[in-house]
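Chain R is already provided as a structure; the job is to place chain G on it using the hints.
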Amino acid sequence: MGSTISANAFCAVSRAGRRLLGLVSVWAAVLLVGCTNQVEVKGQFPTPVLDKLPLKIGVYYDPEFRSHEFYDEADSREETDWIVRTGEAQVEMYNTLLPGMFEQVVMLNELPRRDRVDTVLEQDLDAVLVPHVQELQYSIPNHTKINVFEIWMRYRYELYAPDGELLAEWSMTSYGKTPTAFLRTAEAAVNLAAVVALRDAGANFAMNFTRVPEIRTWMDAREQGPMATADAASDEEETL
Amino acid sequence: MKHQLALTMAGAALLQGCVTSTVDEVLYQGSKAEDLVGDASIVIMGRRHASDYETEPDFIECVGKHIQRRDDNIRVMSELEFMNELYPWFEPRTAPLRPADIQRMMDVPPVRDKLASMNTEYMVWIDGETVRTGGAGSMTCGIGPGGAGCFGFGTWGNDSNYEATIWDFTDQEEVGRMSTQASGQSYMPAVVVPIPIIAPVQGTACDGLGDQLLEYFSAEY
Numbered sequence: 001m002g003s004t005i006s007a008n009a010f011c012a013v014s015r016a017g018r019r020l021l022g023l024v025s026v027w028a029a030v031l032l033v034g035c036t037n038q039v040e041v042k043g044q045f046p047t048p049v050l051d052k053l054p055l056k057i058g059v060y061y062d063p064e065f066r067s068h069e070f071y072d073e074a075d076s077r078e079e080t081d082w083i084v085r086t087g088e089a090q091v092e093m094y095n096t097l098l099p100g101m102f103e104q105v106v107m108l109n110e111l112p113r114r115d116r117v118d119t120v121l122e123q124d125l126d127a128v129l130v131p132h133v134q135e136l137q138y139s140i141p142n143h144t145k146i147n148v149f150e151i152w153m154r155y156r157y158e159l160y161a162p163d164g165e166l167l168a169e170w171s172m173t174s175y176g177k178t179p180t181a182f183l184r185t186a187e188a189a190v191n192l193a194a195v196v197a198l199r200d201a202g203a204n205f206a207m208n209f210t211r212v213p214e215i216r217t218w219m220d221a222r223e224q225g226p227m228a229t230a231d232a233a234s235d236e237e238e239t240l
Numbered sequence: 001m002k003h004q005l006a007l008t009m010a011g012a013a014l015l016q017g018c019v020t021s022t023v024d025e026v027l028y029q030g031s032k033a034e035d036l037v038g039d040a041s042i043v044i045m046g047r048r049h050a051s052d053y054e055t056e057p058d059f060i061e062c063v064g065k066h067i068q069r070r071d072d073n074i075r076v077m078s079e080l081e082f083m084n085e086l087y088p089w090f091e092p093r094t095a096p097l098r099p100a101d102i103q104r105m106m107d108v109p110p111v112r113d114k115l116a117s118m119n120t121e122y123m124v125w126i127d128g129e130t131v132r133t134g135g136a137g138s139m140t141c142g143i144g145p146g147g148a149g150c151f152g153f154g155t156w157g158n159d160s161n162y163e164a165t166i167w168d169f170t171d172q173e174e175v176g177r178m179s180t181q182a183s184g185q186s187y188m189p190a191v192v193v194p195i196p197i198i199a200p201v202q203g204t205a206c207d208g209l210g211d212q213l214l215e216y217f218s219a220e221y
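Line by line, the protein sequences are chains R and G.
The working numbering numbers the first residue of the first sequence as 1 and each following residue consecutively.
The working numbering numbers the first residue of the second sequence as 1 and each following residue consecutively.
Just chain R, with the same shape it has in the complex:
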């Protein structure tokens, strides 16, 4: 009899324990979800007002660029983790910017390679642009307790000839800060800072593309005709 009672008591304790464990698990899951702020950056990017460059440019966004995000792990219990997805927004920004900069823009599904140039050559492109996010930093002014964030990004760009030869490689930075302290949520403030940073990236790229020395040399050679291009190539080889 005594053993029956203790068995029932054990079962009751076990049931209560399972319930408690279940509740703790749900609570832990809620806590875990609640401690991570997720932002999918969304914004509208204006079409640039520029004199278009007479170039037919191919653009290749690699998978890392398309799905770029940054994750920041909280240092203490008072802080929260952050996941900010910038990939989609930056593809949208470049898709708006580049057709305003170049006479023709062709989206490519693969990078030009020296051993397989047919796909790119078929399109009769002048060059292929490949943007990368090299570095991203962000800061929260904790001491003010207001929703103002800063985002700093460094982009690396590669410009390839249609046969896969690297014509130029350069870096540019961009910066964005939440322009107002009156946003209701930290997520909205981060989103706005990212949109400002992307606008700045576009402005920097558009204004300085032709100032990159290798691109300037390449474009000058193109303007002077095929002979000049060949001369410029041989000069570069000699220099190397």
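Hints are supplied without guarantee of correctness; some may be wrong.
To be clear about the criterion: a stretch of chain G counts as covered by chain R if any three or more of its residues have a C-beta under 8 Å from a C-beta of chain R, and this derived list gives those stretches [what the hints assert, rightly or not]: (1) 104-116; (2) 137-151; (3) 206-220.
Some residues of chain R that are not near chain G, with every Cβ distance over 12 Å (derived) [said to hold, decoys possible]: (4) 51; (5) 60; (6) 95; (7) 104; (8) 169; (9) 173.
Dumping the calculated DMTMM-like pairs for lysine to aspartate or glutamate here, alpha-carbon to alpha-carbon at most 25 Å [what the hints assert, rightly or not]: (10) 114/G with 51/R; (11) 52/R with 85/G; (12) 114/G with 129/G.
Hints listed in this document are in silico derivations from the structure and should not be mistaken for laboratory results.
Remember, predicted model here, so these are calculated numbers, not experimental data.
We put the beta carbon where it would ideally sit given N, CA and C, even for glycine.
Positioned in the frame of chain R, the structure of chain G alone reads:
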């Protein structure tokens, strides 16, 4: 109902901190804008090229609304709309710093055409910020079964300092400068309920600068 409204307004006026403000003005050619006729518009922009501060977009919006509220004949284009229409020429890193830089933009045919279609006659650049100048006091708040409440006293100051530079787009030259400084002290006494007595420092600076710009742009002032 009227009594309640009057009491509320009187209460609100009493609960505002004091602000002192000064306005300076330098105009190089005449005391009135001459070309602001027909559909011509002005645009008010904030300077954001410095690394340590940015002119607040809210302040720019406030000055624009102040002008339009007082004289609806003046067409004030919103800052963001203008920046979007002329992207990327007026972003913080690319915006012209001198009137002579306008020519650089005019050399680009799409920009020239866009500016002509927008008919922007004057551009006002506002540079400055409002900062908190220090605080003192302490406040303790608590919550218990019988209710919640705060006790203490806090005070802080704000300083606004803004300068507006007016450019004539057609003549590509600076035609005037105006500046405003305002400072004030806000208080927050708390006996159970905190009562904020806020000094509207930025609002006063906005009104001061807005009035000076109205005197230049409006035929009615």
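The hints, checked one at a time:
1. 104-116: This one holds; 5 residues, not fewer than the three required, reach chain R with a Cβ under 8 Å.
2. 137-151: violated (count 0)
3. 206-220: violated (count 0)
4. 51: 5 Å, violated
5. 60: 23 Å, holds
6. 95: 14 Å, holds
7. 104: 17 Å, holds
8. 169: Fine: 22 Å to the nearest Cβ keeps residue 169/R off the interface.
9. 173: Not fine: 10 Å to the nearest Cβ puts residue 173/R too close to chain G.
10. 114/G with 51/R: Since the Cα atoms of residue 114/G and residue 51/R sit roughly 12 Å apart, the hinted pair holds (cutoff 25 Å).
11. 52/R with 85/G: Between residue 52/R and residue 85/G the Cα gap is close to 16 Å, so the pair holds against 25 Å.
12. 114/G with 129/G: 31 Å, violated
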